[in-house]
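Start from chain W and add chain P according to the hints.
What follows is the residue order along each chain.
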Amino acid sequence: MRIQANERERARNRPGHEKAKHVRWRYTAAGLAGMDLTREEKEILCGGKGPALQKVMRTLVWYGQTLGAKRFVDIEGDGHFALSSLLPGTGPRLEMLDELAEAGLKTKYPFTLDPRPPLDFENLDLSPGQERAFARLFSGQSRFEERMRQLGLRDENAFTCTPYFPEVGNIPRRGQVLAWSESSCVIFVNSVLGARTNRNAVIMDLFSNILGKTPLTGLLMEAGRRAGWLIKLKVSKLPDPQLLGGAIGRRVVDGVPFIVGLDRFLGSGLNERTVDYLKDMGAACAAIGAVGLFHAENITPEAVDLGTKLLARRHNVQVIDEIELQELSASYPVMWKKRNARPERCLIGCPHLSLRELRWWTGRISRALRAHGRKRVAVKTTLCAAPQVIARFQAGQNSRKQLGRMGLTLSPTCPEAYMDNPLCAGEAVATDSNKLRAFSTARLSAVDELPDLIASGRIRRGR
Amino acid sequence: MRIRFQGRAVLPGRLSGEAIVTRSGFNTLASFYQALLSGSRKAVCSDQDNAELFGRDLKDKIVCLPVSIGSTSAGAAWDRVAHRGIAPKAMLFSQAMDSLTAAGLIIACLWAGKRVVAVDRLGQRFLDEIRDGDEISVREDGTVTIVRIPKTEPCAPSRRRCGARGSGSSGSRAAGRERQGKEALLEAKREKLAEK
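So the protein lines, in turn, are chains W and P. The first sequence begins at 1 in my numbering and counts up one residue at a time. The second sequence begins at 1001 in my numbering and counts up one residue at a time.
No lab work stands behind these hints: they were computed from the structure. There may be inaccurate statements among the hints.
No more than 30 angstroms apart at the CA atoms, straight line, and that leaves these computed lysine-lysine pairs for DSS-like [claimed, not checked]:
1) Lys55/W x Lys1114/P
2) Lys70/W x Lys309/W
3) Lys1059/P x Lys1089/P
4) Lys1042/P x Lys337/W
5) Lys1089/P x Lys55/W
6) Lys49/W x Lys1114/P
Since the structure is predicted, the reported quantities are computational estimates derived from the model, not experimental observations.
Excised from the complex, chain W in its bound form (with noise of 0.2 angstroms):
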């Protein structure tokens, strides 16, 4: 790629020269297409407005050319980037963040982030061993949230998978184009909220969120949303959503799906209950394969509008039935050092729960309980949610009595986060998330079995 122009070429293309108009062929590798810039953008591609960003232009440049973009697109909203910590592996390195910041740079619209590593451990119950090998792990984290606010952040209590609930209130609208990450953010917005984002790579987020544009491409045009698939449901009852979304995943990989049959459970239209369900079909689907949009008849909003006529011409038909996801959950592997020890550890809400949701497991397992005639748990157990919605749960006496009773915690951390070390990975960990557990060593626990579990610490045969 032609990408590093050499100081001659830097000058001729310095701002307000003429030969600015060059930039277009200049920026183009072998095979990549080259992108309309608009003056203003070219300026930036030239240095005009500082190195950082330039390099920040050029990096988005380069993308888009990758992806096919003819142009850039003006982004319309708040962010949500899936950066929590400097953790290798998902966060960014410390130095670039430096770079920018020290630059002067900050996003167009404030943004929210995922959730904080676990470092609250008065809701965690850790080892004297698992809280210092924490603190060590991210003791950049202060560094990492300085630096977030300087970028952008839009406060204290930013830190959620699930910014688009009421509580937290980063909500798109539908239509609207953003640049967001996180995959279970990203087909919750476009599918459910009917927002324009595509699934954005950390660090690409940012880089767009700090320009204000996004290449034009994918999932934000008409074309990308169209369903390449369409999946009929066979089933006699309402499936896990965290099964049928792993079926989905494997099956459409990164494919747009139109599915046929939730209706019939669900109903017409989005309601509390339905969102749930999307929320968590939705993250394991994006998790396992790389979907960023799907359709649900009669229920995404598209979907009601538009129809089968979001099928295009040329489509691929599967069934997913009853028989298909007893397969799918039966081959995942159990990563335990023992497969049958006893849980150690159960974690709820990846991506984090809802006030609805917090409620209705805390119904269960206490339900659960009572049927085992016991009083506190069995496993160790944090429902995990975001910040906000933990405080309108724990607002009401009887909520925050009720845990502490059955010895419930609550966390606004990151399961993930907590399991993907080598210290907690050796734990036996149960978990009602498909992604979750394909991520970690985490092992899945149909939504209908894991209340006995954790009641009664045991793991019904056959599982």
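Frame of chain W, contents of chain P only:
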């Protein structure tokens, strides 16, 4: 035997190396997460859902894949993997490169100064032809060549006398045995890792 394919050079470069193949989606974060967290000098794949790659070292290999899948944290993961010097040499896609890998590799190139050569749109035939351990060469224009040395057939009984004249055939048999031994050892290691 040489089989040539033409793709789109997204991150062009000239290199050659050993192929490692997955025919299912490559989950970047799940694959590199444990290697990044443990600070290992190897990039042993930790994606439990990918039986073809799980437990195998991806460092300096040429990864041949259809497309990437999984979390959007892939961008940061690629940057870190490249910065730590444990990245594969090249990524060869049969389909169009997905946005996550594109972003990650471009960021790694421009911000970490480490280029992982990437060629996409090589076609399904590429993935059908390529096998683990094949020697691959990649050129700047996106030409990918699979160099495969044909297996030496053992001498037929009637021709044994001619084989006995030179040391060539016995030498190639010895090399074949050695190769088989190595493969068996590797297979055993892989199984052990998978069991773990």
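Hint-by-hint comparison with the structure:
no.: 1; hint: Lys55/W x Lys1114/P; verdict: holds (15 angstroms)
no.: 2; hint: Lys70/W x Lys309/W; verdict: holds (26 angstroms)
no.: 3; hint: Lys1059/P x Lys1089/P; verdict: holds (7 angstroms)
no.: 4; hint: Lys1042/P x Lys337/W; verdict: holds (23 angstroms)
no.: 5; hint: Lys1089/P x Lys55/W; verdict: holds (24 angstroms)
no.: 6; hint: Lys49/W x Lys1114/P; verdict: holds (26 angstroms)
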